[in-house]
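Heads up: the protein sequence lines correspond to chains A and B, in order. Using the numbering used here, read the first sequence as starting at 1 and increasing by one per residue. Using the numbering used here, read the second sequence as starting at 1 and increasing by one per residue.
Any given hint might turn out to be false.
Cβ pair distances, simulated, as ranges [what the hints assert, rightly or not]:
(1) R288/B / E206/A: 21 to 31 Å
(2) N199/B / H152/A: 55 to 65 Å
(3) A118/B / H18/A: 13 to 23 Å
(4) S127/B / S243/A: 15 to 25 Å
(5) S260/B / G258/A: 28 to 38 Å
These aren't lab readings, by the way, just hints derived from the structure by calculation. These numbers were taken from a predicted model, which means no experiment stands behind them. Idealized CB from N, CA, C, for every residue including glycine.
Residues per chain are reported as follows:
Protein chains: 2
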Amino acid sequence: LSSLSSLLHYLTEIKGIHEHKNLIHSFKVGLALVLVSLLYLLDPLFKQVGDNAMWAIMSVVVVFEFYAGATLGKGLNRGIGTILGGGLGCGAAILAQNLGKVGQTSAIGTFVFIFGAAATYTRSVPSIKKKYDYGVLIFILTFNLVIVSGVHTEKVIKLTCDRLSAIGMGFALCVSTNLLIFPVWASDELHYSTASKFNKLACSIEGCLEEFLERIEEKKDNQSETSFNTCISLLHSKSKDESLVNIASWEPWHGKFGFSYPWHKYLQIGDSLGELATSILSLKGCLRSHPQPSSVPMKQSIKKSCEVVASLLACTLREHGDSIINMKRCRPAVLVVAKLQLSRLELSDAVLPCMLRMLPDDDGFAMA
Amino acid sequence: LSSLSSLLHYLTEIKGIHEHKNLIHSFKVGLALVLVSLLYLLDPLFKQVGDNAMWAIMSVVVVFEFYAGATLGKGLNRGIGTILGGGLGCGAAILAQNLGKVGQTSAIGTFVFIFGAAATYTRSVPSIKKKYDYGVLIFILTFNLVIVSGVHTEKVIKLTCDRLSAIGMGFALCVSTNLLIFPVWASDELHYSTASKFNKLACSIEGCLEEFLERIEEKKDNQSETSFNTCISLLHSKSKDESLVNIASWEPWHGKFGFSYPWHKYLQIGDSLGELATSILSLKGCLRSHPQPSSVPMKQSIKKSCEVVASLLACTLREHGDSIINMKRCRPAVLVVAKLQLSRLELSDAVLPCMLRMLPDDDGFAMA
Chain A
1 LSSLSSLLHY LTEIKGIHEH KNLIHSFKVG LALVLVSLLY LLDPLFKQVG
51 DNAMWAIMSV VVVFEFYAGA TLGKGLNRGI GTILGGGLGC GAAILAQNLG
101 KVGQTSAIGT FVFIFGAAAT YTRSVPSIKK KYDYGVLIFI LTFNLVIVSG
151 VHTEKVIKLT CDRLSAIGMG FALCVSTNLL IFPVWASDEL HYSTASKFNK
201 LACSIEGCLE EFLERIEEKK DNQSETSFNT CISLLHSKSK DESLVNIASW
251 EPWHGKFGFS YPWHKYLQIG DSLGELATSI LSLKGCLRSH PQPSSVPMKQ
301 SIKKSCEVVA SLLACTLREH GDSIINMKRC RPAVLVVAKL QLSRLELSDA
351 VLPCMLRMLP DDDGFAMA
Chain B
1 LSSLSSLLHY LTEIKGIHEH KNLIHSFKVG LALVLVSLLY LLDPLFKQVG
51 DNAMWAIMSV VVVFEFYAGA TLGKGLNRGI GTILGGGLGC GAAILAQNLG
101 KVGQTSAIGT FVFIFGAAAT YTRSVPSIKK KYDYGVLIFI LTFNLVIVSG
151 VHTEKVIKLT CDRLSAIGMG FALCVSTNLL IFPVWASDEL HYSTASKFNK
201 LACSIEGCLE EFLERIEEKK DNQSETSFNT CISLLHSKSK DESLVNIASW
251 EPWHGKFGFS YPWHKYLQIG DSLGELATSI LSLKGCLRSH PQPSSVPMKQ
301 SIKKSCEVVA SLLACTLREH GDSIINMKRC RPAVLVVAKL QLSRLELSDA
351 VLPCMLRMLP DDDGFAMA
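Please construct the entire structure, taking both the sequences and the accompanying hints into account.
Okay, structure coming up:
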């Protein structure tokens, strides 16, 4: 085990922290697979479980996901889908057994069609698709397998229970391996990526200021696209955040996140930051298109006020980001807002009406 | 069947066209499930296939997707994953059979760990994750099932071939039901949604013009957010487009799309339209923050030029959208660009330097 951990250490030195997580995940999957294979490999276990051990292996392979929450969510979906599908399938199979041979076949065909089509239709309902899509899929699968097995096996109920217990074993093994050995929490990733967005936007604002100063000093050649791309990528991150929120909502109490933690608020913060990113993009558009004032004293007075406003905004954003990471309230909004309003007045005095009227959008946000 | 189609007609009258597609999809899934269940239900077929029919049912449930391309992609992934996993699993099982009891168990455990971990690691490589994630998953599953079955069955190869043929049957049934009965092509959806983006942006530009005119006439109360939201949603559509492109690339020649159709160009168009959306957002920001010129003759002269530019841009965008839908070249860029440059000159003459310098970004795009 020590040689394995040194190999791991060696491999992660070459690649980054994300590679590290991927490697650990791979080892965890390998371990879980070996453990579940023991159901086949050790004779005493195989005598107990028999060929149903196949279902345990299948569960481990399919349910084991990168994030702890995704594993739990998929596992619970699989469990509920199997129980419901198995129960209904048993009922329908027993119902059909009492009919004649032709009656049974046509009844089973009808059941399969109706339940299959209806369950597939519910998969297109957005709220079900979002959280229970996999569960409905497993429902369809189990219902179908159980009801058609009823034709050739008398002991439908025993068959279903055996499979269910095998799936349960697979799930238990999956969850324990995934959650006990270096778990990767989607909630952590969401938390830190949201906090880092504040920092990125602060850098973008500073980038704007830099470009403004360069334009004043008439060095027009190097337009950096970094802050522009940051804002665009922030606008594109919505779907990733949504899936992380979805996974995080499956994760149990851990670390600093309690039960019923308000994960959807991260989406709201993301939307607000998206609006701020749009404002920064607008500001950038204005910067690149407006004629700059040319008299030297005016330049100097604007320069100072702009520097003050930009650094104040960047500093406030960073403070918000840090307060999210540390989960502490930041200093009262009033203090920051008063300073911002003061700087805005100074800017008003120093002409540049365009730049001036642009700002309320941003500090309006920073207040929020 | 006619009563079924009238029921379908009745249901779709209540809901929209998308509901229509969902309903058809549900019926198709139901039909495919009934057909695959016949492997169990009809005795002559069951005698041929036996309990391996389970694998055919599983394949249908798991592989049948909404889009034709997704079904094909998943099916091919499943096929290739099964063949590779089955082949390697057979080889490893036969290799292990020659060792003693303890040797066999430990050899199988080692194989399971190494192949499981290595395959899981490849799932984190972006290019494999994008197109072959499901294939690798199935590889792990099949490899594992085949190698552990080798402990208790001598005829590993026969077992694997039987399962493979059952999966093949399921896949064939799936693909034929999905592609022959009202197929839903991701390529069509991508094509039309890209074309409609042009129209949406044209509407946004007209919305900007409207707001500008209202501001001139000093009706400042109704700020419509529609065009704003259109631009934002366009910026958020990137991940959906990416998945559609991925699915579309699995779809075979059909309708107007030939082999090796350049699907990635839709992403490039989407990016360019995203840039235009950002420009429109900037324009909107400027509109809402700048003091408007107050002298009446100036207003009138600006109004006319702005109307000309906006309608020219909107018209050009719509033309591009139509040309994508009809797959025809639109009229040469030179004509439009000349007109736009003329209007720009007129605008230059009519003051409003801010508005004027904003425009080159937009018509620069319309040229492209």
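To see whether the hints hold, each was checked on the structure:
1. R288/B / E206/A: 21 to 31 Å: holds (24 Å)
2. N199/B / H152/A: 55 to 65 Å: holds (57 Å)
3. A118/B / H18/A: 13 to 23 Å: The hinted range 13 to 23 Å holds for A118/B and H18/A, with Cβ atoms some 18 Å apart.
4. S127/B / S243/A: 15 to 25 Å: With a Cβ separation near 20 Å, S127/B and S243/A satisfy 15 to 25 Å, so the hint holds.
5. S260/B / G258/A: 28 to 38 Å: The hinted range 28 to 38 Å is violated for S260/B and G258/A, with Cβ atoms some 53 Å apart.
In this structure, the one hint that does not hold is number 5.
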